[in-house]
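J.: Chain by chain, the residues run as shown.
There are 8 protein chains.
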Amino acid sequence: MNLTVYLAGQIHDDWREELAKQAEERNLPLTFVGPQTDHDRSDAIGEAILGKQPSAFYRDDAASAVNNFRTEVLMKKADLVIGLFGEKYKQWNTAMDISTAITLNKPTIIVRPESLIHPLKELSNKANVTVETIEQALDVVAYIYE
Amino acid sequence: MNLTVYLAGQIHDDWREELAKQAEERNLPLTFVGPQTDHDRSDAIGEAILGKQPSAFYRDDAASAVNNFRTEVLMKKADLVIGLFGEKYKQWNTAMDISTAITLNKPTIIVRPESLIHPLKELSNKANVTVETIEQALDVVAYIYE
Amino acid sequence: MNLTVYLAGQIHDDWREELAKQAEERNLPLTFVGPQTDHDRSDAIGEAILGKQPSAFYRDDAASAVNNFRTEVLMKKADLVIGLFGEKYKQWNTAMDISTAITLNKPTIIVRPESLIHPLKELSNKANVTVETIEQALDVVAYIYE
Amino acid sequence: MNLTVYLAGQIHDDWREELAKQAEERNLPLTFVGPQTDHDRSDAIGEAILGKQPSAFYRDDAASAVNNFRTEVLMKKADLVIGLFGEKYKQWNTAMDISTAITLNKPTIIVRPESLIHPLKELSNKANVTVETIEQALDVVAYIYE
Amino acid sequence: MNLTVYLAGQIHDDWREELAKQAEERNLPLTFVGPQTDHDRSDAIGEAILGKQPSAFYRDDAASAVNNFRTEVLMKKADLVIGLFGEKYKQWNTAMDISTAITLNKPTIIVRPESLIHPLKELSNKANVTVETIEQALDVVAYIYE
Amino acid sequence: MNLTVYLAGQIHDDWREELAKQAEERNLPLTFVGPQTDHDRSDAIGEAILGKQPSAFYRDDAASAVNNFRTEVLMKKADLVIGLFGEKYKQWNTAMDISTAITLNKPTIIVRPESLIHPLKELSNKANVTVETIEQALDVVAYIYE
Amino acid sequence: MNLTVYLAGQIHDDWREELAKQAEERNLPLTFVGPQTDHDRSDAIGEAILGKQPSAFYRDDAASAVNNFRTEVLMKKADLVIGLFGEKYKQWNTAMDISTAITLNKPTIIVRPESLIHPLKELSNKANVTVETIEQALDVVAYIYE
Amino acid sequence: MNLTVYLAGQIHDDWREELAKQAEERNLPLTFVGPQTDHDRSDAIGEAILGKQPSAFYRDDAASAVNNFRTEVLMKKADLVIGLFGEKYKQWNTAMDISTAITLNKPTIIVRPESLIHPLKELSNKANVTVETIEQALDVVAYIYE
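Protein chains in written order, with our numbering: chain A, 1 to 146; chain B, 1001 to 1146; chain C, 2001 to 2146; chain D, 3001 to 3146; chain E, 4001 to 4146; chain F, 5001 to 5146; chain G, 6001 to 6146; chain H, 7001 to 7146.
In case anyone wonders, no lab produced these hints; they're calculated from the structure.
Keep in mind that a hint or two might mislead.
Each computed DSS-like pair below joins lysine-lysine, with the alpha-carbon atoms no more than 25 angstroms apart [claimed, not checked]: (1) H:K7077 with D:K3077; (2) A:K77 with H:K7090; (3) C:K2106 with D:K3021; (4) G:K6052 with C:K2106; (5) E:K4088 with B:K1106; (6) B:K1021 with B:K1076; (7) D:K3076 with B:K1106; (8) E:K4076 with G:K6052; (9) B:K1021 with A:K77; (10) F:K5090 with E:K4088; (11) E:K4076 with C:K2076; (12) A:K77 with F:K5090; (13) E:K4088 with B:K1076; (14) D:K3077 with F:K5076; (15) D:K3077 with A:K77; (16) F:K5076 with C:K2106; (17) G:K6106 with H:K7077; (18) C:K2077 with E:K4088; (19) G:K6077 with E:K4076; (20) B:K1077 with E:K4076; (21) C:K2106 with E:K4088.
A quick note: this is a predicted structure, and the numbers were derived from the prediction, not measured.
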């Protein structure tokens, strides 16, 4: 049974590739989808399609529309969601995507470092499982196939 | 027509009281609900009800369960949601509550300072309206009654 | 049994006041809600709240956000929807609101002149009832109380 | 990941074929569905199946029932919707289909010329993205696959 | 706790008045709603509002649109549905209304004579409770208040 | 694009085989599902599985549970529903299945003889299309593929 | 803000009265609803309304239909659910009602003795909050009003 | 037509293997999914992934989170649910899973021994069919393919 996994979260390191590689090593039949991970491309996509906008505010609004379109299409395809928080940045998109997933009744795993226990406590409480590493997240997914 | 408004967002100043006062001055028939705004009480509520927990992690988990219960009951009652972001703290609960509200098709207004335009761009794009002050948020709500 | 009626449609004459007056004459216990009917105010509301926008496009986008917010709040309150098309203007908002209402399973009446039968045929087919005058629309609503 | 795209909008030129051709040139794995594009066939389908109707009104009603049936079946299959407005005709079906798609939470792109910014502003505000050309619409869809 | 009860079913005798009288005698705080019970009015309502139709078929179609509008508005208000089948007539409206109510998760009671056990067996199996008299139907409703 | 069609309706002649044959002759890529068409088997299935029941009433209740289970599984798989009414029998199952399908937003076609126009008028009004022959029903479905 | 609370759970002692008394002492504006708490009446209600059944099995089936009808009507009215497990009996109705409430997104509190932690662990994990006493359950509800 | 079947229920004997073997002997095109059936693994999975917990209570909570995640992913994939109750243990998970399935409108079969008729009567009444053996459960499923 192939499952599609949406990988929400920060796009500042290669955690998605690492997770995908580990999943492949474990022979888990998973298809991964997620946001644009090229940060500059993500910020520029609105102007790339719609042309120059009048200011940073409108540039951001145009980019976010395209990014949200992508996320919406792909999250609908997902059987489950893994959302990773890192120690840096606001990461409100991650919180937004995970909260959307939970409200849509998508089974959801949060990965976050110990240092973020307190600020993420309500979101963790709503997710199915919260872990600290991507190995643990894959352990949870692998358990479906046992 | 009385409307119930859930006030999501930070609990570190008295913006809710200020907003309620202004609403009263404008004679807007609004009922406000929201999270526990006593920060210490909010963090301690799990242990206050369930007793001493084994560590900070479990203390947080117990508190978040009660806080989420409260939010869930009150947000279901809300006709619309106003969520305010400040410049400090992670405010992931605010992002979570607003994203939940949007996914539940609650009409939603975000209030955030100009400095947060970029990190909030995707969430702003999904909300109905984003403004910078609580006066503006009330302007939007007052427009319903014109 | 009081019913709330959303009055979708053009805002270029006083059909809503006329309909409300006739409903009162018939003693129908109806509460009417609807969009902003001051056309200039409707077009200007975005800038009135958010301030001057960089161009007509952004002015329109800001106004539409606030107008959609209002519509969404009020349509949720409606037990039924009456949408009126006139012979002038694009009236895509009317088509949008009626289609939204139908998709949300709100019982819906369309009022349109005979000249619009053909271009409105698919929308009419999806609505519950299509009539040509507001008297007839009220006949349909009054029938609930017989 | 193959995606099914419903192409709502006017049926007076060959924009669907053009869009499909461009999608193929870009190797996008998309399946396109949409309304009957033979305008005469679309208007005549009711009588073609049900026989001669008593007047133009009933002829239109019969045709619209079959057209709506087709749209409903195919839109349920769609992962996303692209709706194109041209400068001519009422195009209320386009507004209806896009509004239905948005209410059903289908990710939606509007294509419209600059001249229609104002009358389409509320619908644009509810769609995910609004662009001016089918190339741009495909840019948005292609972004999902980056 | 006042409950609203939709009384689906045949309109050829005064079972609704009888049921309402008995409910009043038992002091049950129930509000009853239901279809038009004047059979001629029900059949004629389409032409009464829309004017003379080209044939019996179109007369029926016009009437059914208005009747369905009424049913839809009132059934949404209902906390529970009682549907009564008699020994005469097709009563497909009754089957339709009860099936709609069950699919909408409205708690539903069927009242039918013993002679109809067999043809109604699948519908009975889907309803909450099936009884043979309106006294028994009220017994079931009264049990809510014990 | 293969579509699955649930064939609701009477099981007293071979209309399903006839319709399937015609669909094959037209090369329509349709998969047909439907109720048990062996009438005796349908009535006996409860006792066949659960053993002898105390009376005809309980025999019917046991059978209907299994029949409803089958219908529920298969209708969920259906992209559209065709329901056929004949001139004989109560056919309340047909009305029930069609009403369920419509309430679940399944696109639905009714086939019924001219003699049943009046008693089926409200159900016809809620269905997408009503025709008189299975050829016409297939015409409607074939139109999806034009 | 008055809230309606469904009290699911065993009916072998007066915990509902005790809880209601304590709520009153705390001046909590709560309305309590719940199942029939007269155990004999609950078991006999089917035969009381429908008459003597052929065996204990059918007696039970008739009673459960009426009990489920009552539960369904009242749970729909509830803003939140409190479910109490005791140390005796199977209490599958309690598990059923709580699981139904959670699946319907009703905020839910479980009350259970320490001895039942293990067998209830999955259900507890899905509920919002699990406590050991009705005082604690009221603490959770009272927190909404702080 | 391949169907996916979730097998809820006790994990203390090999009824799932037996049922799967019988399904294969009958050539039923079914895919079976279900909970972890290694009881020790199921109880230990939380600590296996998250590490040692402070007490049995937290160990149980951690395990149940992972078990619920698995169940949620797999039940969404299921076309129908078979839930088996045995004579031993609390089996509240079984009641929870079946009640969840019913509330999600999954067609559901309960298998239980005669001795459990009374305590399971309300749950049986809500399920589609209740039988006493896995052979009978497969008879019900096989009937879909007749």
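J.: Quick one, are E:K4076 and G:K6052 close enough, alpha carbons at most 25 angstroms?
T.: violated (35 angstroms)
J.: For the pair we were handed, B:K1021 and B:K1076, check the Cα-Cα distance against 25 angstroms.
T.: Holds, at about 24 angstroms.
J.: Is the straight-line distance between the alpha-carbon of D:K3076 and that of B:K1106 25 angstroms or less?
T.: holds (24 angstroms)
J.: Keeping to a limit of 25 angstroms between CA atoms, is the pair of E:K4088 and B:K1076 held or broken?
T.: With a Cα-Cα distance of about 46 angstroms, the restraint between E:K4088 and B:K1076 is violated, given a limit of 25 angstroms.
J.: Starting from D:K3077, check that the Cα of F:K5076 is at most 25 angstroms away, please.
T.: Distance ~14 angstroms between D:K3077 and F:K5076 Cα, so the pair holds.
J.: Do the alpha carbons of B:K1077 and E:K4076 lie within 25 angstroms of each other, as the hint requires?
T.: holds (19 angstroms)
J.: Are the Cα positions of A:K77 and F:K5090 separated by 25 angstroms at most?
T.: violated (43 angstroms)
J.: Could you grab the alpha-carbon distance between B:K1021 and A:K77 and see if it respects the 25 angstroms cut-off?
T.: Roughly 45 angstroms separates the two Cα atoms, so the pair is violated.
J.: Please verify whether E:K4088 and B:K1106 have alpha carbons no more than 25 angstroms apart.
T.: violated (47 angstroms)
J.: Has the given pair, E:K4076 with C:K2076, been kept, meaning a C-alpha gap of at most 25 angstroms?
T.: OK: E:K4076 and C:K2076 at ~13 angstroms, within 25 angstroms.
J.: Decide if the proposed pair is consistent with the structure: C:K2106 and D:K3021, CA atoms, cutoff 25 angstroms inclusive.
T.: Given that 25 angstroms is the threshold and the Cα spacing comes to 40 angstroms, the pair is violated.
J.: Decide if the proposed pair is consistent with the structure: C:K2106 and E:K4088, CA atoms, cutoff 25 angstroms inclusive.
T.: violated (33 angstroms)
Hints 2, 3, 4, 5, 8, 9, 12, 13, 18 and 21 from the list above are not met by this structure, while the remaining hints are.
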